[in-house]
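Each protein sequence line maps, in turn, to chains A and B. Residue numbers for the first sequence follow my numbering, beginning at 1 and rising by one. Residue numbers for the second sequence follow my numbering, beginning at 79 and rising by one.
Hints were generated in silico from the structure; no laboratory data involved. Being a predicted model, the structure only gives us computed values, none of them experimental. A few of these clues could be false.
Claimed, not checked - Under the rule of at most 16 Å between Cα atoms (straight-line distance), these lysine to aspartate or glutamate pairs were calculated in the EDC-like manner:
#: 1; chain 1: A; residue 1: K2; chain 2: A; residue 2: E76
#: 2; chain 1: A; residue 1: K2; chain 2: A; residue 2: D54
#: 3; chain 1: B; residue 1: K139; chain 2: A; residue 2: D26
#: 4; chain 1: A; residue 1: K10; chain 2: B; residue 2: E121
#: 5; chain 1: A; residue 1: K40; chain 2: B; residue 2: D93
#: 6; chain 1: B; residue 1: K118; chain 2: A; residue 2: D15
#: 7; chain 1: B; residue 1: K118; chain 2: A; residue 2: E43
#: 8; chain 1: B; residue 1: K105; chain 2: A; residue 2: E65
#: 9; chain 1: A; residue 1: K40; chain 2: B; residue 2: D152
#: 10; chain 1: A; residue 1: K61; chain 2: A; residue 2: D74
#: 11; chain 1: A; residue 1: K2; chain 2: A; residue 2: E48
#: 12; chain 1: B; residue 1: K118; chain 2: B; residue 2: D152
#: 13; chain 1: B; residue 1: K118; chain 2: A; residue 2: E73
2 protein chains.
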Amino acid sequence: MKVTVLVRLKSEVLDPQGDAVRRALDKLGFNGVRSVRVGKLIEIDVDERVAGADIKEHLAKMADEMLANPVIEDYEVV
Amino acid sequence: MKVTVLVRLKSEVLDPQGDAVRRALDKLGFNGVRSVRVGKLIEIDVDERVAGADIKEHLAKMADEMLANPVIEDYEVV
Chain A
1 MKVTVLVRLK SEVLDPQGDA VRRALDKLGF NGVRSVRVGK LIEIDVDERV AGADIKEHLA
61 KMADEMLANP VIEDYEVV
Chain B
79 MKVTVLVRLK SEVLDPQGDA VRRALDKLGF NGVRSVRVGK LIEIDVDERV AGADIKEHLA
139 KMADEMLANP VIEDYEVV
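Let's have the full structure, built from the sequences with the hints guiding it.
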């Protein structure tokens, strides 16, 4: 079973990587870019027989403990 | 206008970061994870008046030139 976890910096956390991308786009001539935020796209192939019925809970635990830093990031299991 | 660009490594490209995450999950006791691939989630706030009507094309050009490395990565504008 394939699941996707999207990890985003919380909106109150500065994103220097995103700002660098925004400036670079501007220099390349792409005007009108107001802001850029860079997060992570994590695609996981899980064996559903092992993860069990509570797979959503299992994935949330994974994201909390390993995939995202809950102090500065939010995640979403898709 | 907010748009999301998903950047993934092409399937034939090795992903050492994803492999490290898979091994770490296994060590933390999350069994049954077959594979992990890590990509980028880029959220862009574009001024649609500047980008014009061909905003999809504008974004595809951005992704080709700056957001993704077309040699090893694929992108998707959502």
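Cross-check of the supplied hints:
no., hint, verdict
1, A/K2 x A/E76, "14 Å, holds"
2, A/K2 x A/D54, "15 Å, holds"
3, B/K139 x A/D26, "13 Å, holds"
4, A/K10 x B/E121, "13 Å, holds"
5, A/K40 x B/D93, "14 Å, holds"
6, B/K118 x A/D15, "14 Å, holds"
7, B/K118 x A/E43, "11 Å, holds"
8, B/K105 x A/E65, "12 Å, holds"
9, A/K40 x B/D152, "15 Å, holds"
10, A/K61 x A/D74, "13 Å, holds"
11, A/K2 x A/E48, "9 Å, holds"
12, B/K118 x B/D152, "11 Å, holds"
13, B/K118 x A/E73, "14 Å, holds"
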